[in-house]
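Colleague: So the chains spell out like this:
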Amino acid sequence: MYTDPLQKATLWIEKGLNTLFSQRYNPFYYHGALPNFFIWALFLSGLLLFAYYQPTLANAYASVHYITYELPFGNLFRAMHRYASDGMMIFVILHMLRVWFTDRYREYRILPWVTGVILLTITFIIGLTGYLMIWDQEAVTLANITFNLLKSLPVVGAPVAEALMAGKVISDYTLTRFMFLHLGIPLFMMFMLWLHYLRITRPVSEPPLPLVVMMAGGLFIVSSILPVGLGVLPYGAHDAGAAPLLSGLGSVSSEVYFDLLYAWPQYLAAQNVPPVAVLLLVLAVPVGLLVLPYLQKKALRGQFAQVARENCTGCSLCYQDCPYEAITMVDRGNDGTRFKRLAVVDAGRCANCGLCVGACAFKAIEIPRRETSSVLAEIEASLLSSTT
Amino acid sequence: MTTENNKVIGIVCERSVDFAGKLDDNGYLLDNPAVKIIQVPCSGQIQPIMLETALKNGASGTFAVGCRMGDCHYREGNKFCRERLIGKRMPKLKPSVDKRRVEDYWLSALEYDKLSDMVSQFVVACNQLPSPAAAKKP
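Protein chains in written order, with the numbering used here: chain H, 1 to 388; chain P, 1 to 138.
Check the hints yourself; a few may be wrong.
To be verified - Which bits of chain P does chain H cover? Going by a derived footprint, with three or more residues having C-beta under 8 Å, they are:
hint, segment
1, 6-18
2, 49-57
3, 71-84
4, 100-110
The hints are simulated quantities; they were obtained by calculation from the structure and are not laboratory data.
All residues carry an ideal CB built from backbone N, CA and C; glycine is no exception.
With the rest of the complex left out, here is chain H (with noise of 0.2 Å):
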């Protein structure tokens, strides 16, 4: 069964965290619920700094230089937001590592899947705006190279570059363009996550207390103890307004620092790899992403669960347990039967995992790979042959 060595290396980790954490508050038993605890840390993190926030070319700066150096308790909220953004995105990828090593992400839950690759997406994007939001002088080569890896891309390229840009140059507009994406991206994402646990019965969507205390406390004394700097002021913006000049990808510096997630396309930008290919590169990492489901091949051939008629009564404990949507309960008509409904299986989300078998007292849902008669007659089989 388990020869895939992804699979067990997952359970190895798992294992391990079993004795660190308890089986209960396994931070990996929670790998999807987490990142909602940080949206919540994000969004509430993010209130103080949208308060004190000037998306303007003269203020921008200033404003954050603001709330880093002046602001009471500025630094431990801006710390608190970078913090939680990149456990976000820790939490975020893991969670699409496991799932996709323990062979969770493909045919009945291929809509989470792709949801889920679309919310890795744009949660990327809303770390890039956030970078950007801060106008220094790190913030504007990061613009420089998204811009300039934007326009590289013929045809599309340009129009989405001055969509970001908000026009042909920087400008004020540039910024409030930012601020819009960064906080109208995350309203989005609620959109998403609805489509993303929208065939989940019951979707593991909180950690437990315990995990989320000790995530908040470790993301206060991370914050408090390691307090987040601000970059030099954007060369050539000393006279307040002025847009700094871009120049070619060139212009990428060594003291410049982002996220390992953002600072490839910049390294490889720097080793002279054509803009083209570099952006090319990374909207590789999405779209292979997205086609990774339909590589391997079908387990279920086909297979769903199968409801015999005669027996089902209508009791709706299978449609109650199905943890993938798969069952509904129709009105079954006049068929001779005492019964109203009957339940009906959608051949698409059916997992065949035999959780409505386990539900069911009436022998009327089965699925195809191990019938229920097959395990009970093992089971007499095995204790009549050594009667003693």
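With the hints as your guide, set chain P onto chain H.
Modeller: Just chain P, lined up with the frame of chain H:
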């Protein structure tokens, strides 16, 4: 007509404890020949009636094995199975079933040794129990 024997039947999720190389040709544990292992795709598929059937046909004990709580491949199978065995979810294990003869283990594919130890203890415990009332019935 069956009589009591010392067999213990385990119904096991094929994704939990890995029995590769641990069973003989008839599905009995090499470490403990009294234990018959029957595999199903997920512990969520285990109906209480399966365990009841084992006891009714003369098994001295029966147990269910699924993945670690929190890590069901199909999301909720082990949780539901456990709830059915402790009477918190329909269909429940019959109240008349001798609970001393029913066990459940929730372990990952890496934890065969742990399971083997616990099952061995369970087998001993079952065999020390007085003759099961369930075995009287054909």
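Colleague: The segment 71-84 of chain P covered by chain H? Criterion: 3 or more residues, Cβ-Cβ distance below 8 Å.
Modeller: The restraint on the segment 71-84 of chain P holds, since 9 of its residues have a Cβ under 8 Å from chain H and three suffice.
Colleague: Per the coverage rule (Cβ-Cβ under 8 Å, at least three residues), is the segment 49-57 of chain P covered by chain H?
Modeller: holds (count 5)
Colleague: Test coverage of the segment 100-110 of chain P by chain H using CB-CB distances below 8 Å; three residues minimum.
Modeller: Contact hint for the segment 100-110 of chain P vs chain H: holds, 3 residues under 8 Å.
Colleague: Can you tell me if the segment 6-18 of chain P counts as covered by chain H, using C-beta to C-beta distances under 8 Å and a minimum of three residues?
Modeller: holds (count 6)
Violated hints: none; the structure is consistent with every hint.
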